[in-house]
Amino acid sequence: MEEVAQNIETQEYFINMGPQHPSTHGVLRLMLTLDGEIIKKVEPHLGFIHRSIEKMCEKDSYQQVVHLTDRMDYLGCHINNEAVCLTVEKGLELEVPERVKVIRTIISELTRLSSHQLWWGVMGMDLGAITTFLYGFRDREMITDIFEETCGARLTMNYNVPGGLMFDIHPNFQNRTKQFLEHFKKKLPEYDELLTGNVIFTERTKGIGYLSKEDAISYGVTGPSGRASGFSCDVRKKNPYSAYDRVDFKEILFMEGDCFARYQARIAEMWESMKIIEQLIDNIPEGEYKAKTKAVIKLPPGEYYQRVETPRGELGVYIISDNKKNPYRVKFRSPGFSNLSALDKMARGFKIADLVAIMSTLDLVIPDIDR
Amino acid sequence: MGFSIYDFSDFINNIHAFLSETFSPVAGNIIGMVIVAACFLGFIALLGLSLVYIERKVCALFQQRLGPMRVGKWGTAQTVADIIKLIFKEPLMTKDSDKFLFNLAPFIVMIAPVMAISLIPFSKGLQAVDFDIGIFYIVAVSSIGVTGILLAGWSSNNKYSLIGAMRSGAQIVSYELSVILSLLTIVVLSGSLQLSVIVESQREGWWIFRGHIPAIIAFIIFIVASTAESNRGPFDMAEAESELTAGFHTEYSGIKFAYFFLAEYVNMFIIAAVGATIFFGGWMPLHIGNIEFFNNAMDLIPPVIWFFMKVSAIIFLLMWFKWTFPRLRIDQMLTLEWKYLLPLNIMNILLMSIVVLTDFHF
Numbered sequence: 001m002e003e004v005a006q007n008i009e010t011q012e013y014f015i016n017m018g019p020q021h022p023s024t025h026g027v028l029r030l031m032l033t034l035d036g037e038i039i040k041k042v043e044p045h046l047g048f049i050h051r052s053i054e055k056m057c058e059k060d061s062y063q064q065v066v067h068l069t070d071r072m073d074y075l076g077c078h079i080n081n082e083a084v085c086l087t088v089e090k091g092l093e094l095e096v097p098e099r100v101k102v103i104r105t106i107i108s109e110l111t112r113l114s115s116h117q118l119w120w121g122v123m124g125m126d127l128g129a130i131t132t133f134l135y136g137f138r139d140r141e142m143i144t145d146i147f148e149e150t151c152g153a154r155l156t157m158n159y160n161v162p163g164g165l166m167f168d169i170h171p172n173f174q175n176r177t178k179q180f181l182e183h184f185k186k187k188l189p190e191y192d193e194l195l196t197g198n199v200i201f202t203e204r205t206k207g208i209g210y211l212s213k214e215d216a217i218s219y220g221v222t223g224p225s226g227r228a229s230g231f232s233c234d235v236r237k238k239n240p241y242s243a244y245d246r247v248d249f250k251e252i253l254f255m256e257g258d259c260f261a262r263y264q265a266r267i268a269e270m271w272e273s274m275k276i277i278e279q280l281i282d283n284i285p286e287g288e289y290k291a292k293t294k295a296v297i298k299l300p301p302g303e304y305y306q307r308v309e310t311p312r313g314e315l316g317v318y319i320i321s322d323n324k325k326n327p328y329r330v331k332f333r334s335p336g337f338s339n340l341s342a343l344d345k346m347a348r349g350f351k352i353a354d355l356v357a358i359m360s361t362l363d364l365v366i367p368d369i370d371r
Numbered sequence: 001m002g003f004s005i006y007d008f009s010d011f012i013n014n015i016h017a018f019l020s021e022t023f024s025p026v027a028g029n030i031i032g033m034v035i036v037a038a039c040f041l042g043f044i045a046l047l048g049l050s051l052v053y054i055e056r057k058v059c060a061l062f063q064q065r066l067g068p069m070r071v072g073k074w075g076t077a078q079t080v081a082d083i084i085k086l087i088f089k090e091p092l093m094t095k096d097s098d099k100f101l102f103n104l105a106p107f108i109v110m111i112a113p114v115m116a117i118s119l120i121p122f123s124k125g126l127q128a129v130d131f132d133i134g135i136f137y138i139v140a141v142s143s144i145g146v147t148g149i150l151l152a153g154w155s156s157n158n159k160y161s162l163i164g165a166m167r168s169g170a171q172i173v174s175y176e177l178s179v180i181l182s183l184l185t186i187v188v189l190s191g192s193l194q195l196s197v198i199v200e201s202q203r204e205g206w207w208i209f210r211g212h213i214p215a216i217i218a219f220i221i222f223i224v225a226s227t228a229e230s231n232r233g234p235f236d237m238a239e240a241e242s243e244l245t246a247g248f249h250t251e252y253s254g255i256k257f258a259y260f261f262l263a264e265y266v267n268m269f270i271i272a273a274v275g276a277t278i279f280f281g282g283w284m285p286l287h288i289g290n291i292e293f294f295n296n297a298m299d300l301i302p303p304v305i306w307f308f309m310k311v312s313a314i315i316f317l318l319m320w321f322k323w324t325f326p327r328l329r330i331d332q333m334l335t336l337e338w339k340y341l342l343p344l345n346i347m348n349i350l351l352m353s354i355v356v357l358t359d360f361h362f
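Residue numbers (this note's numbering), protein chains in the order written: chain A, 1 to 371; chain B, 1 to 362.
Just chain A, with the same shape it has in the complex:
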């Protein structure tokens, strides 16, 4: 019998996963080299949704640059906007009012929650449990309603401007946020019931897609994906911005580095986000919602860098200014790009179905990778 098996000639073959594929969640093309169903190599091919945002930034004023960042990681758009605003404020040496800092932090955490809710739904769907998708959306709906009321938009909110906020919060904002927290505290355990405790789910994720701490650091895998490998990289702790220095929260660290750890890290992060919002929601200081800035912002010549923690990891904004009203060069260090680079390392030797689980736990947003 074994002799027969040895005499059969087998051949590796390649298959294109994407750019149109249900679980690449966008136009990512992965060239898989397979031996049967076992993955030998994963080669991501990018560029299908490249809009040259960095180049477009060079002709835009600093207020306009903020708008473009909405279209990168659309699930964490408030945090992207904030990153640019913080960089510009750093360059102007502008101190924004306390009220702005607190509101920015609250909305950032709401953004993180909504992003993780969507991720949770999609994660279930990728593993074949379509119902979770609708559950995730049900709770996310409440957050988007809050955003709609305060920011005027549901997805690309554009609430930040250099120096502060576009306008003040809606009078309902605090109440509705508290209502949401109350609602979601009951619903989050339901998430655990549906997926975390499910035997099929744990079998599909435990021990799959292992990434060691050393690899996480060398590939630059940040965010919950990196922290699930034990890489302590939470920018909110390491380099606090806005109001993160005055709130009490834990940095979630897991040591396992597999899909299940990444899953747990995000679920735990949702609890932490709620904790942060709870501490701030009743303590929004009175004051201006925007610091005075000139109509045309000109940064002094030099290089400015600011990093923030988006739901997917560390986003860095690097601006070179030559004292004009538009930046000389803008570079975004997007978390998705670095996280994707570790995919090949994680997926080798596993099966196609595992690749879907691994991609899902990396929480890829393709426009963030392909700016």
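Calculated directly from the structure, the hints in this document are not laboratory data. Be aware that one or more of the hints could be misleading.
Beta-carbon label-pair distances, calculated as ranges [claimed, not checked]: (1) L300(B) / G36(A): 55 to 63 angstroms; (2) G36(A) / M347(B): 29 to 37 angstroms; (3) S253(B) / I38(A): 27 to 35 angstroms; (4) S312(B) / E43(A): 47 to 55 angstroms; (5) M347(B) / G47(A): 51 to 59 angstroms; (6) E43(A) / D331(B): 20 to 28 angstroms; (7) L66(B) / F167(A): 50 to 58 angstroms; (8) E98(A) / S253(B): 31 to 39 angstroms; (9) E12(A) / G254(B): 29 to 37 angstroms; (10) S253(B) / G47(A): 24 to 32 angstroms.
Every beta carbon over 12 angstroms from chain B, so not counted as near; a handful from chain A, in silico [claimed, not checked]: (11) L68; (12) Y74; (13) D215; (14) G220.
Covered stretches of chain B, as calculated for chain A (at least 3 residues, CB under 8 angstroms) [to be verified]: (15) 63-70; (16) 226-237; (17) 314-325.
Backbone N, C-alpha and C fix where the C-beta goes; we use that ideal spot for every residue, glycine too.
With the hints as your guide, set chain B onto chain A.
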């Protein structure tokens, strides 16, 4: 014509006699067959329409939404609209696909459930064919379907389709064993392979109650294995839309795709019908031993209603699985079958044999 909702045998015999008298006996037989075939085709079409609608509504119920609501009252005409759309769609085909096999595959997939459905006893006397090897026949014809799936995957000239078809082949061939063995467990108890005899043997009470522990184990294995055999979630490895786009029917469109779709639902009905017949007494009302009063009250409900109630309950259970659980991985699924279900099943048959030999059942 002596029509009674409780017993169809006189009605059927009268029609048969009428046809034989009016025409010659041979012609009467042929006309009878054509009528029965037409009835089944109509029934399958109706079944497909209603099950798709029910599935969408049940799925909506689990997902906290309404489901189809726009076309017709409560969206009841939605499936009709969908079917009309599918009929008018252009049947696309990839350039280098094997055209003959590509066109043949949907029909082979469809043949299996159509052949099996003729053996289902819908009510007393309402059964098209009553073989003495009924269960054996159903199990045999239901495995024809996998040929169609393999052909569809092979002829599509698409790697995703091929992977889906190969997965499906491995899956169906393995889980068939469990289906057969779990059905045989009850055959050991009832002592016959003929479906009408099995139903009749449950007059005192359904096998799932009378056969106690081994019968319940057999039923659980049957539900798991037959879900896997019909390629439904959480065992929808062959389609696995998040991995293989749509698996073996990726390249199919229009009415040929509708055939695959319809076959899935008819298969689901057959699973539920066989499960109801073997474990829950088919059309037999709920009887408890010799409690005359209770048994007579239960007899008032027509058997055909009993049958469809049981089938609906099992179909609901199957839908519940599909919309709750994540999908297994292919190797985990084969492990489940060969390492757990199959040994358990063989032990269970042994247990059931001991139960039957020692007369330790109700």
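Here's how the hints hold up against the structure:
| no. | hint | result |
| --- | --- | --- |
| 1 | L300(B) / G36(A): 55 to 63 angstroms | 58 angstroms, holds |
| 2 | G36(A) / M347(B): 29 to 37 angstroms | 32 angstroms, holds |
| 3 | S253(B) / I38(A): 27 to 35 angstroms | 31 angstroms, holds |
| 4 | S312(B) / E43(A): 47 to 55 angstroms | 49 angstroms, holds |
| 5 | M347(B) / G47(A): 51 to 59 angstroms | 57 angstroms, holds |
| 6 | E43(A) / D331(B): 20 to 28 angstroms | 24 angstroms, holds |
| 7 | L66(B) / F167(A): 50 to 58 angstroms | 36 angstroms, violated |
| 8 | E98(A) / S253(B): 31 to 39 angstroms | 60 angstroms, violated |
| 9 | E12(A) / G254(B): 29 to 37 angstroms | 35 angstroms, holds |
| 10 | S253(B) / G47(A): 24 to 32 angstroms | 30 angstroms, holds |
| 11 | L68 | 31 angstroms, holds |
| 12 | Y74 | 21 angstroms, holds |
| 13 | D215 | 24 angstroms, holds |
| 14 | G220 | 27 angstroms, holds |
| 15 | 63-70 | holds (count 3) |
| 16 | 226-237 | holds (count 3) |
| 17 | 314-325 | holds (count 3) |
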